Each structure stands twice: as C-alpha cells, then as structure tokens.
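Asker: Sequence order for the protein chains is A and C.
Under my numbering, the first residue of the first sequence carries the number 807, and numbering increases by one thereafter.
Under my numbering, the first residue of the second sequence carries the number 807, and numbering increases by one thereafter.
Be careful, since some hints might not be right.
No copy labels: a pair is met if it fits in one copy or bridges any two.
[As the list claims (entries may be wrong)] Quick list of in silico lysine-lysine cross-link-like pairs, BS3-like style, CA-CA up to 25 Å:
(1) Lys926 to Lys1021
(2) Lys964 to Lys1017
(3) Lys964 to Lys896
(4) Lys983 to Lys964
(5) Lys1024 to Lys964
Worth flagging that the hints you see were computed from the coordinates, not collected in a lab.
On a predicted model such as this, the values are computed, not experimentally measured, just so you know.
Number of protein chains: 2
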Amino acid sequence: MRVNYEKWRLQKKHFWLRIWEDYEIGYLDRDLIPVLVMLNRDRDIYTTSSCSGRIVVVDGNVPWIRGETSVVFKSHIPITTSDLFFIYEKPPHRVYWLIVTGPIIHFSTTSFRKAVEILKRARSMGFKHSGIMHVSSSRGVFVELVTGVYITQLLRIKDKYTLTHEYLNHVLLVFNKALIEGKLRLQKLYEELQKYLPENPDSWIEEEINKRDVKLIKQKPIEIFYDMCRDVCRNLINF
Amino acid sequence: MRVNYEKWRLQKKHFWLRIWEDYEIGYLDRDLIPVLVMLNRDRDIYTTSSCSGRIVVVDGNVPWIRGETSVVFKSHIPITTSDLFFIYEKPPHRVYWLIVTGPIIHFSTTSFRKAVEILKRARSMGFKHSGIMHVSSSRGVFVELVTGVYITQLLRIKDKYTLTHEYLNHVLLVFNKALIEGKLRLQKLYEELQKYLPENPDSWIEEEINKRDVKLIKQKPIEIFYDMCRDVCRNLINF
C-alpha cells in the first residue's frame, strides 16, 4: 500500500490546526497537549480525535450505542458525589450510566514500520488493547492506542432503582482511582515515546510550535493534570 | 515483513488441535465452534484463544488487572439473581464486579491484505474496536476482533455496600440483554465472513473436519447458543 503523501500532508495540517482551535475554545483535554505535540513533531504522523481519560454520565439503555445515548455529565478530573446530585433530582430517559475511560490516542502514519514500533512501546506501557484499525492509501495506517481502563456502573433506571448516596460515594472512590490510573499510564506512554519520537522531525510543525509558544507544550501530561485538579487529586493520590 | 511459513504452519496445527482438546474437556464455548472452523478453513489463517461472549463475577480492586483478580463465577448464557446469591453470603476479598463482555476473536494470518479485508467486514458487523495488535515474522499478522459490548457493575465492597436484590434483578436484565446483543453480533460476523472465507482452502483442515464429524460445525453460532440456554433465552429475547 502506498499513501498519497500530498493529500496526507493536507490532512495533517488540517488536524494540527484543529488542535489549536479546540484548545482556544476550551474543548481540548489540556493534559493531552504534550502527547499530541510529541506525535505530530514526527513528519510521518498526525493525530486525530483523542482523549486523556475522563468520567462521564450518559443516559441510554446501554453505555455503548452512541446514537441513542446522550452525555449528561463530563469531567477530566476526579469527581465527588455532589457533582452527581442531579441523578437523584431528575430521572433519566432510559438509564444513567457512570463510565470511566482511560486515555485513547488516535493517529495516522504513512509508515507501517513506525505504527508497529509505537504499538509495541505503547503496549509495554499499559496500552494493551491498542491496534491498527484500518489502512488506506488516502488516510494511511490508522492506529488506536487504548488501555483496558474502563469501568461502568448503572446508577439509575428511569424513576426507580437509584444507588444510595453512601454506595455512590464508594463507587466514586473506585472510579476516581481508575481515572488517575489512566492518567499515570498516559504519562508513562509520553515518557516511553519521547525516547523514540520524533524519528524524522517535521520542520513545519517546529515552526508552528515556536510561533504558538504555548506553555503547556513544555510540561508533562501528569503535571498539567495535577494542576487541573489541585486539591482533589492530592487527597486521592495519597488515598 | 515475511512470515516464516513453515514455523507458522506448525503453530496452526498446534492451535487447531488445542481447539478439540478444549472441546472435549468442555472448556470451549460451543457457540464459537462454527466461527473458529470457518476461519481455520482458510490456509492463511489460524485462530487462538477466543470467546463467544460471557458474564463473569470477578473479585479484585478493579476489573482489569488479571494478576490480582480472580474469576469467581462464569456463564456463557443469561443468568438469574439466584446464580449470584453467593455475593450476599460470602464477602469478597476486595470487590465483586459483574462483567459482561461481547465476543472476542483472535487470529493470526500470513496475509496483511487478508487481515485488512476481515477487519473491514468485522467493523461493519459491529466489531468496532477490532485491530491488528502486532506483527512479526514468527507469529504473522495478529488480529483481535472485538465489539464495544462491555459493561461492568460494582456489586459488593468487602463486607459492606451490597446491591439490593431488587436492584440486582434489574441490573441482570440489562446485562443479559447485552450478552445476547454480543451473541447476535457473533452471528452477523459469521454470516459476513462466510461470504469471503475460505479464500484459499486448507486441505489439511478439510481432512481434519471430515475425520471429526462434529455436528456443531454445521450449525450456526446463534442456533448453538439458543440450544445452550433454551427457556432462559426464549423469555429474554421476547422481553
């Protein structure tokens, strides 16, 4: 398979500029920025929609059908029972599910060899369900890096069967710890891939980085995360 | 990358014979047999450890760490609250988690093109998290076909915080439906891949199949599943 490199470069520029649009409107997970920048600094890689790990509440019969499921709460830092008081006040249309997911990174590369090398390194850092999702001449080799950090909990069914406050409190301890476990794996992935990337520097991206001068680029993912959650995290990590 | 074909053939024979060893000791998911046979009938494919979808209870701090987590209950068919009475009688060492997982198929192929073609077809049948996991000259292109059907529920923390019977009953309705959703996707995968496989018949496997004359080979996965669960399923599918 041969990638149409010119077309692929246009996609890279498009997705790179979108990172900064998302950043400016506050839509981007800030602790993801060092990882996205590191990957994009390689000439043969661009990233697409990714996530640093989060806790959400969705309303749906099952947690995985996107069309019928709506996100009613979202947080990239640990949460407390008071964040979820709404589940007692307003019944769901279907079922309230609490979900914690670890980090998920998507990228495209023009090099199959590079995809396999990154997969190997990512797996050794706890991204055990990672794989090449598809391959095409227009989109290149498309990779998903993903951990097994994923828990759901059925919180409430319509106007009945709600978890008690006390039970919820204990569920959140477990979910918050899982969120942090995901953030720690993201940090490990960052450190591991930094040994390898950029293999072939991308001069356009370097110019872009210098122009933007965003402080977060120089920080580690875990530093940014701690900064995002401050006291909430300090208590949990010593827990 | 070039696969060491002779070595790879030895692996194929080894894994094929293991299917039938597992079958004889009752360790194999019976509704998986038609899918495993279909894949292995192609000269360039062999399957490794796979699962048709199941409900388990594990005891562990989190549901994904295998070393510290022990499986205390397992079923490949829908379950009732009476199957789980033990959670009220005996507290867990850590946490009891109820988990339902959809089907997961692992296979190795010597053909990268074939891996990509199967991935494309599997994704269209609801195996949306499938991918090429690794690639090597000794083990070939290693693929995981997996759906997003995955739910967990924290059932009990040590000697406190247990779900009520009534709540558990409703949780099981949702989990049983998810299990069946997984079985239906397995059937769809089977039908879709049957249009394509075997692309290159494997004469050794054909001889083997004739020799074994196992009735299940000629059945559909969903027929075997219905046969496995009988009345339990009939009620649930009309639910």
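Asker: Could you run down the list of hints and mark each one as holding or not?
Answerer: Hint check results:
Proximity of Lys926 and Lys1021 under a CA criterion of 25 Å is satisfied in neither setting, with 30 Å inside one chain copy and 41 Å between copies. With identical chains, the CA atoms of Lys964 and Lys1017 are never at most 25 Å apart, being 51 Å at best within one copy and 55 Å at best between copies. For the identical chains of this complex, Lys964 and Lys896 are intra-copy neighbours only, at 9 Å inside a copy versus 31 Å across copies, given an alpha-carbon limit of 25 Å. For the identical chains of this complex, Lys983 and Lys964 are inter-copy neighbours only, at 17 Å across copies versus 28 Å inside a copy, given an alpha-carbon limit of 25 Å.
For a Cα distance limit of 25 Å, the shortest separation of Lys1024 from Lys964 qualifies neither inside one copy, at 46 Å, nor across copies, at 43 Å.
Of the hints listed earlier, those the structure fails to meet are numbers 1, 2 and 5, in rising order.
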